[in-house]
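Asks: Chain residues, written in single-letter form:
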Amino acid sequence: MRTPFTVRLIQSMPRGGWIALAIFALVAWVGIPFAHLALPESHPLHVSAYTVSLLGKILCYMVVAVAMDLIWGYAGILSLGHGLFFALGGYAFGMYLMRQIGRDGSYGADLPDFMVFLDWKELPWYWGGSDSFAWALFLAVAAPGLIAFVFGYFAFRSRIKGVYFSIITQALTYAAMLLFFRNETGFGGNNGFTDFKRILGYAITSPEMRTLLFALSALLLMACLVLGRYLVTSRFGRVLAAIRDAESRVMFIGYNPLHYKLFMWTLSAMLCGLAGALYVPQVGIINPSEMSPANSIEIAVWVAVGGRGTLVGAVLGAGIVNLLKSWATVSFPEYWPFFLGFLFIAVTLYLPDGVVGLWRKLRAGRKAAPVAEQPLHTPPPGSTTDPLPEGATAPQHAAPATAAKGAAA
Amino acid sequence: MSAVTELERPDAADRENWDGGANTGHPVRPGELDLSHNVILYLDDISVSFDGFRALNKLSLTIDAGELRCIIGPNGAGKTTMMDVITGKTRPDSGKAYFGQTLDLTRMTEPQIAHAGIGRKFQKPTIFEHHTAFENLELAMKADKRVRRSLFAALSDDERDRIAEVLRRIRLDREADRLAGLLSHGQKQWLEIGMLLMQEPRLLLLDEPVAGMTDDETERTAELFVSLAGSHSLMVVEHDMAFVEALGGKVTVLCEGSVLAEGDLATVQADPRVIEVYLGR
Ligand SMILES: Nc1ncnc2c1ncn2[C@@H]1O[C@H](COP(=O)(O)OP(=O)(O)OP(=O)(O)O)[C@@H](O)[C@H]1O
Ligand SMILES: [Mg+2]
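Sequence lines, in order, name chains A and B.
If you're matching positions, the first sequence starts at 1 in the UniProt record's numbering and goes up one per residue.
If you're matching positions, the second sequence starts at 1 in the UniProt record's numbering and goes up one per residue.
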């Protein structure tokens, strides 16, 4: 008998993973909202508006990291243009936010301020429907999805791979940035969109709206993790990893790698778009610098730091690097780019499996020591308490095994 | 045209329902193998050059349905290149390549050729090292290999049994859950043969399948191939003459990109031109 879909969905994540998600949900939907909304500011456990927005922003980055990991860690395709998809989602939703300003802009006009400034009399055609919330959400997913699909189709069909692919994605996001910098493009030029007032008529800066956006970001991240986990443990995920490891073999057993890569690539871009749409109302601004090549490289660094090929790794990496960043850009802003570069080199050289890989190594080493003395108490392999341990790849499995041997010897 | 006349026949509609609408009831479906002349592979006048170097030079060769054919020849004779042409990896500069009567291999992609029923084992064992032996077989299994299927695919009991059976046959049933990258060289060769069996191909191309195997393993491989012949067609490239002898089929000698001699092993080995090629090196 075939296992029903829902059962497979549940089984795709080990129990520890579901428990971790439940705890996360409790904190994000009950703990933080309560601490922000109900506790007075003087209370030691009060969570400030700044913190809620910062955490919400990082949650959006985590979604991007998961999307990046799905295509890089599992399909072996390094995109250095994922910032573009994120920014496109942000711009799509930003258009709606601009329209929600209504006549409260500094010119008191129907058109967004920057259009008045350019002396435009009416909305360009592609702003049609931008006053609709549903359309904005649709566009935030569809625009990056469509661009990724068209770009991916031609790139994968021409069998462009490896660093060539990465370089082209850099060029893509750079070209888009230059385009968006132009005032005539109709997206506010280098100032982009800002001074948002409302979503669905509700004030965007109210504590309730802030909390809601944060909670939605948490929901999106959890949905991405469940979806990602299902994908990588499905046969689809196994084919994807097989393409990463031996693409021509995959073709000779009858799979068309083009379709597999294209599906994952497009889905990944769409998830980035959604994250961008949630990000913009929380930070209150979107401008072309989001499309800068450096931003996209930073996304890859998050995943590398956390450990690519594991979804938890992507989430951890985005969290660690961004917390470091929000501290460093206050303490020594001018050194941050160097620090980021150093981090990337250090991780590539010394932690090829990122933080998750390091943690596994340490844990395997700790376990191995008692093993030598009391072999009977060794827990069977697989009875791990690892949140979301990935049924992933050999190096990660092999590494702890060798470490275990080393420590036992 | 023919499809229209087919539909006019009273039984055509019924047959379509019976097949679940998967075909039009035409005697030879597009993409289906037609063995009406008992020839499964037909190569005619194939030439391939790499930067002016002729790897295949007007090569012509046919393989009958159910045949077990051995291909021998010195290094660089073009044996692997010939398999590349058959599986769509390399496009010939000129010449014809047909699978059965109707399928023009020079116009098909690698996955299409695999679906049509040609399976290939590479000279260098290529398996998915980061997947378990079981998963390797699962991925190779004959199935609907489109994205929308693999997203929701779950193994049925039948399919599990088939994988288990092949695992026994290639003697890897104890290694089912080990990562393929950790298997011994010989086991990897067997795993790749197992993947080929899972594909249920009509024609198997095997490029030096026993390289790196022990004598015992080699012997078992020969037995397996002989048992497959008849229901499958096989093309085996090998340097190991004892193995070729054990297979017992017709032998084709390739040299400098074309056929030098063809016949049973003893005849071929007695051919002075063949002796010269092998000794003259
Ligand atoms: N992609 C390629 N580019 C350039 N030359 C190639 C390429 N593939 C094969 N060749 C050349 O074509 C010739 C035939 O190679 P092929 O691999 O088909 O020989 P083979 O008969 O399989 O030899 P072996 O017994 O060593 O496996 C060789 O001289 C090889 O160098
Ligand atoms: Mg060869």
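By construction, these hints were calculated from the structure, which means they are not laboratory data.
Ideal placement from N, C-alpha and C gives every residue a C-beta, glycine not left out.
Each hint should be verified, as a subset may be incorrect.
Unchecked claim - Chain B side only, calculated, beta carbon under 7 Å to chain A, not exhaustive:
| # | residue |
| --- | --- |
| 1 | F50 |
| 2 | G52 |
| 3 | M108 |
| 4 | E110 |
| 5 | H115 |
| 6 | A116 |
| 7 | R120 |
| 8 | H130 |
| 9 | T132 |
| 10 | K145 |
| 11 | A154 |
| 12 | A266 |
| 13 | T267 |
To be verified - In silico DSBU-like links for lysine-lysine, alpha-carbon gap of 30 Å or less:
| # | chain 1 | residue 1 | chain 2 | residue 2 |
| --- | --- | --- | --- | --- |
| 14 | A | K121 | A | K325 |
| 15 | B | K250 | A | K161 |
| 16 | B | K142 | A | K161 |
| 17 | A | K161 | B | K89 |
| 18 | A | K361 | A | K325 |
| 19 | B | K58 | B | K142 |
| 20 | B | K96 | B | K124 |
Asks: Determine for every hint whether it applies to the structure shown.
Replies: Hints, verified against the model:
Restraint check, B/F50 versus chain A: the minimum CB separation of about 18 Å is more than 7 Å; hint violated. A cut of 7 Å between beta carbons decides the hint on B/G52: the least distance to chain A is about 24 Å, and the hint is violated. Hint status for B/M108: violated, given a least beta-carbon distance of 12 Å to chain A, over 7 Å. Annotation: interface hint on B/E110 holds; nearest CB of chain A at approximately 4 Å, less than 7 Å.
Here the hint on B/H115 is kept, as its CB sits about 5 Å from the closest CB of chain A, short of 7 Å. About 9 Å separates the beta-carbon of B/A116 from the nearest beta-carbon of chain A, more than 7 Å, and the hint is not met. The restraint placing B/R120 at the interface with chain A holds, with a minimum CB-CB distance near 5 Å, inside the 7 Å limit. Here the hint on B/H130 is kept, as its CB sits about 4 Å from the closest CB of chain A, short of 7 Å.
Interface hint at B/T132: violated, since its Cβ lies 10 Å from the closest Cβ of chain A, which is beyond the 7 Å cut-off. Hint status for B/K145 relative to chain A: holds, with the closest Cβ pair at about 5 Å, below 7 Å. For B/A154, the interface hint holds, since its Cβ comes within 7 Å of a Cβ in chain A; the closest pair sits about 4 Å apart. Given hint, B/A266 at the interface with chain A, is violated; its Cβ is 34 Å from that chain's nearest Cβ, farther than 7 Å.
At its closest, the beta carbon of B/T267 sits 33 Å from a beta carbon of chain A; the interface hint therefore is violated under the 7 Å criterion. A C-alpha spacing of about 42 Å is found between A/K121 and A/K325, which places the hinted pair above 30 Å, so the restraint is violated. About 42 Å separates the Cα atoms of B/K250 and A/K161, which puts this hinted pair outside 30 Å; it is violated. The hinted pair formed by B/K142 and A/K161 meets the criterion: a straight-line CA distance of about 28 Å does not exceed 30 Å.
Between A/K161 and B/K89 the alpha-carbon distance is near 17 Å, which keeps this suggested pair within the 30 Å criterion. For a cut-off of 30 Å, the pair hint linking A/K361 to A/K325 stands: about 26 Å separates their Cα positions. A threshold of 30 Å between alpha carbons decides the hint, and for B/K58 with B/K142 the separation of about 34 Å lies outside it, so the pair is violated. In summary, the hint linking B/K96 to B/K124 is supported, as the alpha carbons are separated by about 27 Å, within the 30 Å threshold.
In terms of the numbered hints stated before, the structure departs from hints 1, 2, 3, 6, 9, 12, 13, 14, 15, 19, listed from lowest to highest.
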